[in-house]
Amino acid sequence: MTGHAADAPTGDLDIPNYPQPRSQGCPFAPAADIRALAAEQPIRRIRFWDGSTPWLVTGPDELRTLLTDPRVSADDRKPGVPQWSPAEAAESKTRPATYLNTDGPEQTRYRRMVARSLSFKNANALRPVIQQHTDDCIDAMLAGPSPVDVVPALALPVPTLTICALLGVPYEDHAVFQRNAAIGLDRNSPVDDAQRAMAEIFDYVREFVRREMEHPTGADTICAEIAEQVSAGAITFDTGTFMAASVLGGGFETTANMIALGTLAFLQNPDQAAIVRDTDDPSVIANAVEEMLRYLAVAHASKCRVALEDIDIAGHTIRAGEGIVQGYPYANWDATAFPDPERLDVVRAERNHLAFGTGPHSCIGQQLARVELQVVYSTLLRRIPTLQLATTMDRLQFKNDTRAYGVYALPITW
Amino acid sequence: MKVIAHQDKCVAAGQCAMLAPNVFDQRDEDGVVVLLDETPDESQNVQVHQAAAACPARAIAIEDGTTT
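Chains A and B, in that order, are what the protein sequence lines are.
The first sequence finishes on residue 414 if you use the working numbering, and the numbering steps up by one all the way, no holes.
The second sequence finishes on residue 68 if you use the working numbering, and the numbering steps up by one all the way, no holes.
Read the hints as simulated data drawn from the structure, not as lab findings.
Ideal Cβ placement from N, Cα and C applies to all residues, glycine included.
A portion of the hints provided could be inaccurate.
Footprint (simulated), chain B over chain A, 3 or more residues, beta carbon under 8 Å [claimed, not checked]:
| hint | region |
| --- | --- |
| 1 | 99-113 |
| 2 | 116-127 |
| 3 | 354-360 |
| 4 | 363-376 |
Within a straight-line C-alpha distance of at most 20 Å, the following computed SDA-like cross-link-like pairs (lysine to any residue) qualify [stated by the list, open to error]:
| hint | chain 1 | residue 1 | chain 2 | residue 2 |
| --- | --- | --- | --- | --- |
| 5 | A | K78 | A | E309 |
| 6 | B | K9 | A | S117 |
| 7 | A | K78 | A | F48 |
| 8 | B | K9 | A | R71 |
| 9 | A | K78 | A | P105 |
| 10 | B | K2 | B | A61 |
| 11 | B | K9 | B | L35 |
| 12 | A | K121 | B | P21 |
| 13 | B | K9 | A | G357 |
| 14 | A | K121 | B | E29 |
Bound conformation, chain A alone:
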């Protein structure tokens, strides 16, 4: 940018459109144009699909500062929070209060009702079950025809089986909510279709919460816990249902994308795959997962924020009422925080990535996701050491327009 342009009043032409797709030739890297801008300054205005010009924050330090600032709100029932699609914009205004769209003590109260089931201890207690699901999927892959698509064969079923058991909904219904999540989370879906898809997931989950309220099973599931809270008058039926539906959606979609895209990243980086395959040390596998989370940062369109008051940061003032967009993939590729960010380095010492966000809204399922990825990556690489891509990179289709980035299909052979 020239000095002249910087001194001029904010010209509309200087504001880049956002989001921008990752490049087909370099599908792991955040979009090059925005990356170049992020290298210049940690915060800048961008232009959204609706013409609004919220602030994009790409600096890791600035993200940590803003996301723990009580003057920054995630309540998108109020105006000002940028929305990723017309459907989301319409939906957000009618949603019940949950830990996703409240702030402060109210948010804490909602979040803790669900957090218990997703603690570090509980996630790790599920490790043997996740291992069994993973082995079953890989057994089926090896017994079936080759090539096979990793997405339906492994990436979707492992996290879906796990989250269904945690919630207390039958895995047999997975086609219903997987299909609806795919429609509801795609920015290009017609508004009516997206809203109908989201309503179907909501209605589906509501039925299980209702059953638990009418005939409590005492099961140790999130639906049972929520039903208990609703029956006790601690939360409304809608709030409880929406929280359970969010756990369901968040529970398989993002992890499935990490599994498939991470598999591709390992195939493209055989030396890094070898480190994970050849180790017996769980801490090496855990570190590799943190690096894959940093490198892929699939949560590229997470819930945005709004400033409640004027906030001075990095030489700019975010005015009260202005939107804030978190550029997590760009923060995870910040060269100051992560030297040689374009290198997948599974033994990298820097682990403090922002793939799960930060602040009170940081991913509630992050410990479960970690265990799932640790088990799936290490088991897949060990059990199929001759794993290879059964197509060429240029034929793969990437999910640039969905809430979580990923690959639609990943044919592999061995």
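With chain A fixed as given, assemble chain B onto it according to the hints.
Frame of chain A, contents of chain B only:
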């Protein structure tokens, strides 16, 4: 080293229990941080600092130095 865990700020993300399991745990009923050892010895130094840095809610404070 003295460790303070602010339970009111905790968002139950589990980072501390993952990074420094000898010092931090999460309550069974709601996932909120529980301090297992308020004055961990030197061997825990690195992990405790990692846990404090990784806490998404900035709920962990460390007082280094003479406090025993």
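Here is how each hint holds up against the structure:
1. 99-113: holds (count 4)
2. 116-127: Result for this restraint: holds, n = 6.
3. 354-360: holds (count 5)
4. 363-376: It holds, with 5 qualifying residues against the three required.
5. K78/A <-> E309/A: 14 Å, holds
6. K9/B <-> S117/A: The hint holds at about 19 Å.
7. K78/A <-> F48/A: 18 Å, holds
8. K9/B <-> R71/A: OK: K9/B and R71/A at ~15 Å, within 20 Å.
9. K78/A <-> P105/A: It holds: about 18 Å lies between the C-alpha atoms, which stays within 20 Å.
10. K2/B <-> A61/B: 8 Å, holds
11. K9/B <-> L35/B: 14 Å, holds
12. K121/A <-> P21/B: 10 Å, holds
13. K9/B <-> G357/A: 17 Å, holds
14. K121/A <-> E29/B: 12 Å, holds
Consistency with the previously given hints is maintained throughout, with no hint failing.
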